[in-house]
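S.K.: Listed below are the residues making up each chain.
2 protein chains.
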Amino acid sequence: MVNRDTGKKKISESTIRRLSLYYRALSLLEKENYETISSRELAKREKLTPAQVRKDLSFFGSFGTRGLGYPVSELKDRIAKILGINRIWNVAMIGVGNIGSALVSYKEFQKQGFAIKLIFDNDQRKIGSNHKGLIVSDIKEMPHLLLEHNIEMVVLAVPAIVAQYIVDEVVQAGIKAILNFAPINLKVPDDVFVRNENMSMELEYLSFAISNNYTPN
Amino acid sequence: MVNRDTGKKKISESTIRRLSLYYRALSLLEKENYETISSRELAKREKLTPAQVRKDLSFFGSFGTRGLGYPVSELKDRIAKILGINRIWNVAMIGVGNIGSALVSYKEFQKQGFAIKLIFDNDQRKIGSNHKGLIVSDIKEMPHLLLEHNIEMVVLAVPAIVAQYIVDEVVQAGIKAILNFAPINLKVPDDVFVRNENMSMELEYLSFAISNNYTPN
DNA sequence: TATTTATTGTGAAACAATTCACATATACAA
DNA sequence: TTGTATATGTGAATTGTTTCACAATAAATA
Chain A
24 MVNRDTGKKK ISESTIRRLS LYYRALSLLE KENYETISSR ELAKREKLTP
74 AQVRKDLSFF GSFGTRGLGY PVSELKDRIA KILGINRIWN VAMIGVGNIG
124 SALVSYKEFQ KQGFAIKLIF DNDQRKIGSN HKGLIVSDIK EMPHLLLEHN
174 IEMVVLAVPA IVAQYIVDEV VQAGIKAILN FAPINLKVPD DVFVRNENMS
224 MELEYLSFAI SNNYTPN
Chain B
24 MVNRDTGKKK ISESTIRRLS LYYRALSLLE KENYETISSR ELAKREKLTP
74 AQVRKDLSFF GSFGTRGLGY PVSELKDRIA KILGINRIWN VAMIGVGNIG
124 SALVSYKEFQ KQGFAIKLIF DNDQRKIGSN HKGLIVSDIK EMPHLLLEHN
174 IEMVVLAVPA IVAQYIVDEV VQAGIKAILN FAPINLKVPD DVFVRNENMS
224 MELEYLSFAI SNNYTPN
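Going line by line, the protein sequences match chains A and B. Mapping to our numbering: the first sequence position 21 is 44, numbers consecutive. Mapping to our numbering: the second sequence position 85 is 108, numbers consecutive.
Simulated from the structure, these hints should not be mistaken for laboratory data. Since no wrong hints were added, every one of them can be taken at face value.
Copies of one chain are not kept apart here, so a pair can be met inside one copy or by any two copies together.
For lysine-lysine, the following DSBU-like pairs were computed, each having C-alpha atoms within a straight-line distance of at most 35 angstroms:
| hint | residue 1 | residue 2 |
| --- | --- | --- |
| 1 | K104 | K130 |
| 2 | K163 | K130 |
| 3 | K54 | K155 |
| 4 | K163 | K70 |
| 5 | K199 | K54 |
| 6 | K134 | K210 |
| 7 | K54 | K130 |
| 8 | K155 | K104 |
| 9 | K149 | K130 |
| 10 | K33 | K78 |
| 11 | K54 | K134 |
Given only the sequences and the hints, what does the whole structure look like? Please build it.
M.R.: Below, the structure is given as structure tokens:
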């Protein structure tokens, strides 16, 4: 439960993912002019239990008022701070195929503070072309451009066959966070975070669910 | 552990997701002409433990040979059957914005047996246009077209604001599986499966990890 | 054929996550 | 000012998941 080295409580991946859900719900509640929200109501909106909401939040502090609930705007800001999204992140998109170019236009990234600042590809026909106001750079320029533009995260949307090669260069350039769309297990040093996004996997889950009359819970 | 009603062992979501990983790994091993694979080797490739691999598989039967390991091709086929991907699924794409049109060209879907058969949009400028050999249909035609073409799954790539309205129609048409890209919690009957794909959430996870020097495990 | 080696399949143990339940605190009404 | 209703924060209990550890068993070898 408590880390021996740091004395910090271990936060589970599920808790972190739920923080994102809370953040999104709170953003909506703010727009609806809610001032406070109870764990019960918040849980209901995200199909969770009130106890879970309270426990999740309690890992990071005590944000509510007994008898009243949580202050919507304040809690939203606190969670933003916890998630590290209370600022703009400079992101580079690597690969401008189907997925890559769709993601460059994906407004949710921008909205959550992930600003795509550079786009790369190795295809001469794409290099120099304009995507949402950004010019596609030659991937050969990547190492120094990542550094010059203070890029901290990279979205990898390249074919599986070249993914590892490119990731090695990305790691070389000091990037510590990678969102990977290639269906492959990337090898990276321990201090580099990789999240794999595999959309077929979600369809396979649905396939399993239908095929087996699956009922979670 | 065991469901009182059905007598079936409860399969966790994590196990199902790992089956997808095993399937992918086995497909690769098959191409590399492996005949058998041990739980140890398979685990190593997917960054899991051998015990986990064996336990996951044991929920569905006994597929290996002691002393030898698992037969690659056979296990792959068995998992395909378990996941329900030993056949083609007819899928409809709803919404041909950035994400929608990218996904229509996304080869992984096709490769895993998810065949996009219909595309819908409500934008008159898009209706009738050609995407990868498919003509975009008017969303008004959706209810009967879904039925006529035996569509069983739907990928929802529409703006959040209209997502619930469209889902209601999709459910009406008898669809039981929905992959949702809209950042919203859809309300559906209990027998309809929804998976939410939220790509910002993955970046937020990375943001948290960097910001907090997070170390999973 | 007997022996050694490798690896599965699986109860039991250990660990992790969720839920319960209640003491505590605050708001609000009378 | 007091009482009542509401809702948090959190140890403890429960439930779920992963790992351990080993008997069982098949292959390879002598």
